[in-house]
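Asker: Quick note, the sequences are listed as chains A and B, same order. Using our numbering, the final residue of the first sequence is 546, and nothing's skipped along the way. Using our numbering, the final residue of the second sequence is 300, and nothing's skipped along the way.
It is possible that part of the hints are untrue.
[Unchecked claim] Listed below are several chain A residues computed to face chain B (Cβ distance under 8 Å; list not exhaustive):
1. Ser-221
2. Asp-226
3. Thr-258
4. Asn-261
5. Arg-264
6. Asp-411
7. Ala-412
8. Pro-416
9. Lys-420
10. Thr-421
11. Pro-423
Keep in mind that the hints were calculated from the coordinates and are not lab data. Where a beta carbon is used, it is the ideal one built from N, C-alpha and C, also for glycine.
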Amino acid sequence: MTLHRNALIVGAVALSAALAACGGSGSSTPSSSATSTGGSVEFVSTTPAATGDIEAVSWNLPYEPTSIDPAYSFNYAENTVDANLCESLLRLNPDFSITPALAESFSHPTPTTWVYKLRQGVTFWDGSPMTAADVVFSLKRGADPDVGSYFGTYFANVKDIVATDSSTVTVTLNGPDALFNQAMSTAAGAIVQEAYTNSAGKDFGSPSKGVMCTGPFKFDSWKSGDRLVVTRNSAYWDAALRAKAATLTFRFISDETTAVNALRSGEIDGEFFYLPPAGINELKNSDTGTLYLGKSLVFWALVGASETGPYADPKVREGFSLAIDRPAVAKVVFQDTASPAKSLTDPAYFSYGAEVFQKAYDALPANNANFEEAKKLIAEAGGTSAGITIGVQGSSAVHEQTGSLLKAAGDALGVPVTIKTIPVDQYGAVYSDPKAREGLDAFLTTWYGNVPDPLDVYGLFTKGGFNNFNNYTAVDSAVAEARAIDDPAARAAKVADIMTQVTRDSPWTPLEVLPVLAYMNNKVTGATVSSAYLYYPWAAGLGKAG
Amino acid sequence: MLVVASLLVYGSLYLTPGGPLSFLVGNRSASPEVIASITAQYHLDDPFVVRYFAWMSDVLHGDLGRSLVYREAVTDLIASRLLTTFLLVSYATALIIVVGVGAGVVSAIRGGWAGRLVSTGSILFLATPAFVLGVVLILVFANGLGWFPVFGPGEGVIGRLWHLTLPAIALAMASAAYLARITRSAMVGELGREHVETAVSRGISQRSIIRRHVLRNASIPIVTVIGLTIGGLVAASVVVENVFALDGLGSLLVRAILQRDFAVVQAVVLLLVIVFVVVNLIVDLLYTVLDPRISLGGDS
């Protein structure tokens, strides 16, 4: 009797010791069920249409937005909300085509003017009409250095914005700019009401005041730390995009495991993941919901962050690039939800000049791992005992695992690699503040062009460019020339050359192409799942399933 | 006591290397406008004493400043989270006292299998990190059995209690285990005393002995540990808040520290200090009730 009882206790203690020992981060179960695709997976733009209206839908965001002011909505959570509230002159559709929205038509009479004829009968949520004055005010905000819009670079060439009559706005540029009109389909061209924005002052876009826009959903309330609620705008001008959900509630669960559990239990109806959470297999295999892989402009890259140090040498960068087994990263780190990238802009970006771009793209090296070649390049660079420091984001299995792989690659190549884990709350500062990048040679990031134009990505490599973290200037003049070419066919050739050169020099090393990971509970359907969800009212079609 | 604490809280900003301005600007690049607004908000151009009194008077008027990150008044940020944290900590405290003292008393008196069970159980819970316990609770009781919700603080009294049950358990168990062991050893110590032996030999009922002679005397260390535990619960709640997606003061504090949102850090730390001081005051008062030999301000 005594022996049995003690054995039981010992057994219980052993089990509990095992439990207590698992204090590490959530372990990701290796994907055994998913078939290894090796090549490309079919990515979709839309989901099956909803059959009817629905009273309430809840959606999770990966973190709480810092603002819903369109001028400061330049990141995943902010745009996920804002895309349903505020609209722009043009609309970026799920398939990445660009069509008129608040501007019912636009014209380009001279290389430096864009004329927008405003749609009549559009009202803000408070019933007041959208006027040319509101449009001029909103566009001027984008260009105003005191406002400091994150979309400021798109307005860099703007000379003047004027209401030429009560329903027409003319933008005059200093020189032709191929990106300006395209940017008017993103939050850069979002139209807000002048009166409300002025009266809200510095609270505009914050939980207390929200925004005043024209979209299919209107801002209802925002309880900081808890939820952000938007409701259907019954007076919305576009009947085709009338909101099917009466109330859409956004939650802010940032812990990946908790979010996955909430989705599985049905307490939350859906979420967009920009990186696969540790529990993605549970979502893939769930019987209560479906995971969609959306066509996307998002990619995963190792970004150079310093003008000095070993990583500033292109040979070292190329060496590292050749030491990374991209298909293995896609299979293991991304659990079969990514595909290897050979350039920063994959064919999803080729919305114009497709043949020219495709030809250049096909000519790029395959980027297969080649360890011998990698070692040779490091040796040619002079070998290096000086190490490099790579920044990764905390609380993300993908960041940490990719970091480990880079460290292993470095060890094998004889380049000591230090992985610096930066807490997720501080990671944003790495992009916006040179001081936060001090000591980093490179860091991992997702990135995306706002519009389907490779120039939108390569255009950041200008001398002293805000996002040109390691000040790579080899394509600076080519970019300026390309940006001034309005005609898409002519521009394609130039941009394709830039693509080839940037890929060769690798200031940013492309790693993987990332689809949008959209999970929806089976009782709802109809959301747009391509990465256009950042600017297109993706929730308008979200309604009852089956 | 509070005045000294508030001076320390306020003064800590000025002890940071590089001075307050560089700390507040910290990870961010600062345009002249940002620097001007931070200087104005924190009165950095005035002498220290003036600044301190300006801050204190603001605090007493209910103005705790403005968050640099959320662009909201700090009072609003705290108010919405105060209820969640208060309920979570109170619920956990109740569980700690009931489970901890209860298990400790039972194991001290009964011995045998009950004693061994409590000993083993307390080792198990002392060793298990709160977030592991939280995740296991979610997997078993929320996802598995569906008895409790997975996340969120809930609404309404019943809703909140229901939502906070699993988080409170996750938060309480390690402290309850510790309290159980303290209770047990304090009780066992008292049970061995001569006056208890005398009482037993005089035939007084066991119930009465436990209540009047043992528990009362053992309660000094028990109450002390409870007081210290409550003080640490808000900080410990950060991890549990993360797992259960409860937006409480703990998460707010950690985020504010990481983001150099000093007005928020100042306000939350001040609040914690006040709570700690109040709890310790209550514990001191309880001493005088429990042990007439101790008097307030006396030299015990």
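Asker: Could you run down the list of hints and mark each one as holding or not?
Answerer: Comparing the hints with the structure gives:
For A/Ser-221, the interface hint is violated, the least distance from its beta-carbon to any beta-carbon of chain B being 12 Å, above 8 Å. Below 8 Å, beta-carbon pairs count as interface contacts, and A/Asp-226 has one with chain B at about 6 Å; its hint therefore holds. The closest approach between the C-beta of A/Thr-258 and any C-beta of chain B is roughly 5 Å, which is under the 8 Å cut-off, so the hint is satisfied. For A/Asn-261, the suggested interface contact is upheld, since its CB lies about 5 Å from the closest CB of chain B, less than 8 Å.
Hint status for A/Arg-264 relative to chain B: holds, with the closest Cβ pair at about 6 Å, below 8 Å. Interface restraint check for A/Asp-411: the shortest CB-CB distance to chain B comes to about 30 Å, outside 8 Å, so the restraint is violated. Because the closest C-beta pair between A/Ala-412 and chain B is about 33 Å apart, greater than 8 Å, the hint is violated. Violation of the interface hint for A/Pro-416 is found here, the shortest Cβ-Cβ separation to chain B being roughly 26 Å, above the 8 Å cut-off.
Because the smallest distance between the Cβ of A/Lys-420 and any Cβ of chain B comes to about 14 Å, over 8 Å, the interface hint for this residue is violated. About 12 Å separates the beta-carbon of A/Thr-421 from the nearest beta-carbon of chain B, more than 8 Å, and the hint is not met. About 5 Å separates the beta-carbon of A/Pro-423 from the nearest beta-carbon of chain B, less than 8 Å, and the hint is met.
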